[in-house]
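**Student:** Each chain is listed here by its residues.
There are 2 protein chains.
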Amino acid sequence: MENNKFENFSCPLPIPLNGQVAIGHGSGGTLTKNLITSVFYKYFHNPILDAGNDFAEISAKGSKIITSTDGHVIDPIFFPGGDIGKLAVAGTVNDISVSGAIPKYLTASFIIEEGFPIKDLDQIAQSMQQCALEADVKIISGDTKVVEKGKADKIFISTAGIGFLKNGLIINGSQAKPGDAVVVSGTIGDHGISVLAARNELGFSTTVISDVAPLNNMIQSVLALTHHIHVMRDPTRGGVATTLNEIAMQSKVNITLDEEKIPIKKQVHAACDILGFDPLYVANEGKVLFILPEREVSTLLKALHAHQYGKNAVVIGSISQSSNSPKVLMHTRIGGTRIVDMLSGAMLPRIC
Amino acid sequence: MENNKFENFSCPLPIPLNGQVAIGHGSGGTLTKNLITSVFYKYFHNPILDAGNDFAEISAKGSKIITSTDGHVIDPIFFPGGDIGKLAVAGTVNDISVSGAIPKYLTASFIIEEGFPIKDLDQIAQSMQQCALEADVKIISGDTKVVEKGKADKIFISTAGIGFLKNGLIINGSQAKPGDAVVVSGTIGDHGISVLAARNELGFSTTVISDVAPLNNMIQSVLALTHHIHVMRDPTRGGVATTLNEIAMQSKVNITLDEEKIPIKKQVHAACDILGFDPLYVANEGKVLFILPEREVSTLLKALHAHQYGKNAVVIGSISQSSNSPKVLMHTRIGGTRIVDMLSGAMLPRIC
Numbered sequence: 001m002e003n004n005k006f007e008n009f010s011c012p013l014p015i016p017l018n019g020q021v022a023i024g025h026g027s028g029g030t031l032t033k034n035l036i037t038s039v040f041y042k043y044f045h046n047p048i049l050d051a052g053n054d055f056a057e058i059s060a061k062g063s064k065i066i067t068s069t070d071g072h073v074i075d076p077i078f079f080p081g082g083d084i085g086k087l088a089v090a091g092t093v094n095d096i097s098v099s100g101a102i103p104k105y106l107t108a109s110f111i112i113e114e115g116f117p118i119k120d121l122d123q124i125a126q127s128m129q130q131c132a133l134e135a136d137v138k139i140i141s142g143d144t145k146v147v148e149k150g151k152a153d154k155i156f157i158s159t160a161g162i163g164f165l166k167n168g169l170i171i172n173g174s175q176a177k178p179g180d181a182v183v184v185s186g187t188i189g190d191h192g193i194s195v196l197a198a199r200n201e202l203g204f205s206t207t208v209i210s211d212v213a214p215l216n217n218m219i220q221s222v223l224a225l226t227h228h229i230h231v232m233r234d235p236t237r238g239g240v241a242t243t244l245n246e247i248a249m250q251s252k253v254n255i256t257l258d259e260e261k262i263p264i265k266k267q268v269h270a271a272c273d274i275l276g277f278d279p280l281y282v283a284n285e286g287k288v289l290f291i292l293p294e295r296e297v298s299t300l301l302k303a304l305h306a307h308q309y310g311k312n313a314v315v316i317g318s319i320s321q322s323s324n325s326p327k328v329l330m331h332t333r334i335g336g337t338r339i340v341d342m343l344s345g346a347m348l349p350r351i352c
Numbered sequence: 001m002e003n004n005k006f007e008n009f010s011c012p013l014p015i016p017l018n019g020q021v022a023i024g025h026g027s028g029g030t031l032t033k034n035l036i037t038s039v040f041y042k043y044f045h046n047p048i049l050d051a052g053n054d055f056a057e058i059s060a061k062g063s064k065i066i067t068s069t070d071g072h073v074i075d076p077i078f079f080p081g082g083d084i085g086k087l088a089v090a091g092t093v094n095d096i097s098v099s100g101a102i103p104k105y106l107t108a109s110f111i112i113e114e115g116f117p118i119k120d121l122d123q124i125a126q127s128m129q130q131c132a133l134e135a136d137v138k139i140i141s142g143d144t145k146v147v148e149k150g151k152a153d154k155i156f157i158s159t160a161g162i163g164f165l166k167n168g169l170i171i172n173g174s175q176a177k178p179g180d181a182v183v184v185s186g187t188i189g190d191h192g193i194s195v196l197a198a199r200n201e202l203g204f205s206t207t208v209i210s211d212v213a214p215l216n217n218m219i220q221s222v223l224a225l226t227h228h229i230h231v232m233r234d235p236t237r238g239g240v241a242t243t244l245n246e247i248a249m250q251s252k253v254n255i256t257l258d259e260e261k262i263p264i265k266k267q268v269h270a271a272c273d274i275l276g277f278d279p280l281y282v283a284n285e286g287k288v289l290f291i292l293p294e295r296e297v298s299t300l301l302k303a304l305h306a307h308q309y310g311k312n313a314v315v316i317g318s319i320s321q322s323s324n325s326p327k328v329l330m331h332t333r334i335g336g337t338r339i340v341d342m343l344s345g346a347m348l349p350r351i352c
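Heads up: the protein sequence lines correspond to chains U and B, in order. Here our numbering is used: position 146 in the first sequence is 146, and no number is missing along the way. Here our numbering is used: position 335 in the second sequence is 335, and no number is missing along the way.
I should point out that these hints are in silico values taken from the structure, not numbers from a laboratory.
As the list makes no split between identical chains, a pair holds if one copy fits it or if it spans any two.
For lysine-lysine, the following DSS-like pairs were computed, each having C-alpha atoms within a straight-line distance of at most 25 angstroms:
| # | residue 1 | residue 2 |
| --- | --- | --- |
| 1 | LYS252 | LYS42 |
| 2 | LYS119 | LYS42 |
| 3 | LYS311 | LYS261 |
| 4 | LYS311 | LYS265 |
| 5 | LYS261 | LYS302 |
| 6 | LYS166 | LYS64 |
| 7 | LYS166 | LYS177 |
Just chain U, with the same shape it has in the complex:
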């Protein structure tokens, strides 16, 4: 689900750490990469981590194991379309699924503030159960810690997942190739805007609900029709712009988007316009970006359109050779071309 795994990520312009962790270090964008490179990557460096994906691949005599972890600190914990429990399960399920693997097992670590209502905990656990049922994964190990009132904000949930990858599938951020198309599985920005609305930070009401959903069934229905997918990634924190920048750098290619084709709900567009946000940077929790050869696009779209979470899937861009430093570009509605940078700093803290 997250874009800020401990990646082998070289920031174009590393920003010196000024001695303190800033909110932007949790944004999933440039500052996060910088913190990870400067601190975690320095010490944890190993070939599996170095691969720079949202998941880790382990070889275990014949079958490949895929694992991933995410911490969930979303505020508020209940929002239109979901809650922190659904988010925690779907997020890790999705991170594993985009490798092509079938997620099977989750672990869950709960850090709870003293005084947290049991009925809220019950509701969260129940929505984890429902999401796990939908995704057909089992929660097989857990841990519960309680800290004093005021020492945590309600509840944080860290999940880790285990999935199994069929031999032969190589789908990851470094596989994008010139000539490939970029497909998004539906409208972008829904999650971020719904969470802002739930925080009453919009200043007006909206009917946007979060897209949070487990995407493994949709992804497996795609893989049943075509194995020619080069990259899948869920554009969560940092949004489509940040995710595509990661892929451009991992694959050393340029990615060009067509602004007119990017599916955005009217209400999301309106909210972004008023707030001065670019929807390309707003988090999604139920979308996948697919990068694949042009000739496979119709097969992919057929599979996606048949699925409840992929009805609005559409081609939004293409891959080309990068002459120098890999870039994400966008043909704008008004006819120009602009560079789409990675998110720098914190746009929406605690969005997941």
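Go by the hints and put chain B onto chain U.
**Tutor:** Coordinates of chain B only, in the frame set by chain U:
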């Protein structure tokens, strides 16, 4: 490392939840079991979770995968003998190791308070690296979230681990058998007392340092000499008393301890006397309880005494049939026998 996995644990006297999470729900004792049974277990119930161990076993075509997770919220984050980073790595390494499996991979989820010093984060990551090196495990996936100042206490780290179990080894909490001996790998209570001292809650100074250590190498050196171990478990939060109560219930046996034989450092004894603590309930982070046939004890002790973390290993009790409800009993120094209950409520919050 933890004793409060989402176990299939029936509390002898379930305590009704009174609507709010209490500090005691994080103690690892009776209240924790009750919360887990009442909320998480109700929804997450499945055969792997039901096994009631600190680890989960997954069958994956031939080789068995062992997984475990822990959240770390220790206060203070730096203490004599270690820090939250060493604790996070060692804790998950140990939970996997006590299944008999060899831990290989860890994931790490960081939840950090805005303003947290980078130099502290660096030191924590470095001690995770050192502990991972000693344990020969790799950190292969991570996640970083930052919350606003005051919304978390410095840093919380949730780790999940993956290990591989050789076919044939069946070591878990339900394997204790009448006639077995109980061995502890060294002195008890060191971790809890060192952390209290670091919090300046003792009211006097002490030289006790935490025993936090990765125990996989010691455990593997034991398994190289004998495969006849029935149970291994690390007596962390809730201490030896809580861990043995868990095992007594899982195995449906009585466990009888000999107070005189329990190894306790003088300073730990003194601190416990002054504070009114029973060292049997004080957390350890570098100890293992072994339960095995009497005839295998000398082989076990030979292996343990040869290892830096097992020098003070000693037999502390035995297993007998349980006529009715499983119990932990103790022959006291003054000649009587008392029941050793599971920890109820919070003795030392945020000890791990």
